[in-house]
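Numbered according to the numbering used here, the sequence shown spans residues 1 to 194.
Derived by calculation from the structure, the hints in this document are not laboratory data. Hints are not guaranteed to be accurate.
For lysine to any residue, the following SDA-like pairs were computed, each having C-alpha atoms within a straight-line distance of at most 25 angstroms [stated by the list, open to error]:
#1 K171 - W155
#2 K6 - G20
#3 K46 - A191
#4 K6 - Q75
#5 K171 - A151
Ranges between beta-carbon positions, derived for each pair [said to hold, decoys possible]:
#6 E180 - E123: 17 to 23 angstroms
#7 G169 - D45: 37 to 43 angstroms
#8 V15 - R185: 29 to 35 angstroms
#9 G115 - A191: 20 to 26 angstroms
#10 G193 - V166: 38 to 44 angstroms
#11 E150 - G66: 34 to 40 angstroms
#12 T90 - Q38: 31 to 37 angstroms
#13 Q102 - Q38: 26 to 32 angstroms
These numbers were taken from a predicted model, which means no experiment stands behind them. Quick reminder that beta carbons are idealized off the backbone N, C-alpha and C, glycines included.
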Amino acid sequence: MDDIVKQAMAKWPNVPHCYGWLALDARGNWRMRDEAAQRAEAPGDKLANATLVGFINRNYAHDDQGRWYFQNGPQRVYVNLEATPFIARTDPAQGFVVQTGQAFTPEAAFMTDAGAVILQAGEIVAQLDDRDVAQVLAHTELDGRAASVEAIMAWLEDDAAELALVLPGRKLRVERLSAEALSRRFGYVQAPGT
1 MDDIVKQAMA
11 KWPNVPHCYG
21 WLALDARGNW
31 RMRDEAAQRA
41 EAPGDKLANA
51 TLVGFINRNY
61 AHDDQGRWYF
71 QNGPQRVYVN
81 LEATPFIART
91 DPAQGFVVQT
101 GQAFTPEAAF
111 MTDAGAVILQ
121 AGEIVAQLDD
131 RDVAQVLAHT
141 ELDGRAASVE
151 AIMAWLEDDA
161 AELALVLPGR
171 KLRVERLSAE
181 ALSRRFGYVQ
191 APGT
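Taking the hints into account, I'd like the entire structure generated from these sequences.
Structure, rendered in structure tokens:
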């Protein structure tokens, strides 16, 4: 967390929290949701200012109830999550990175009934950006043999066979998980304050 944020928190400890105004979409974009966007249940405007996005990324955390927020000076701005608290992308140099720019090495892999790929490393739970799913699924095996898209789709209906994500130096068994169970399984709140 930035020092200036810590100083503001100490100076003004009782600033009310903010809900509904900031969202993280399923492609890792921060979105500002004004009153009109909130009323329409719209995603809001994508934040493009690199300085602001960097500030949010550095001051992104969660509370003990699993609500993710951006600490904006003395105020917590709770984040509505379209998917998971982090969104992962592939990176040629680092393997995987999340929207905050942090590299991570997955320790577990999941696939939802809707075909979303979820990666976990410690407290980082990240849905893979849909633009990278085909690339990652090209590195899967079903019962030890390269898995086709058709075979993966069949596995989503009946996961009796073992699906594995093959990463440099290791294989991760992929667990099937319903999309509705994600937030309960990993202990995060998708829409704080609602």
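**Asked** Does the structure break any of the earlier hints, and which numbers would those be?
**Response** none
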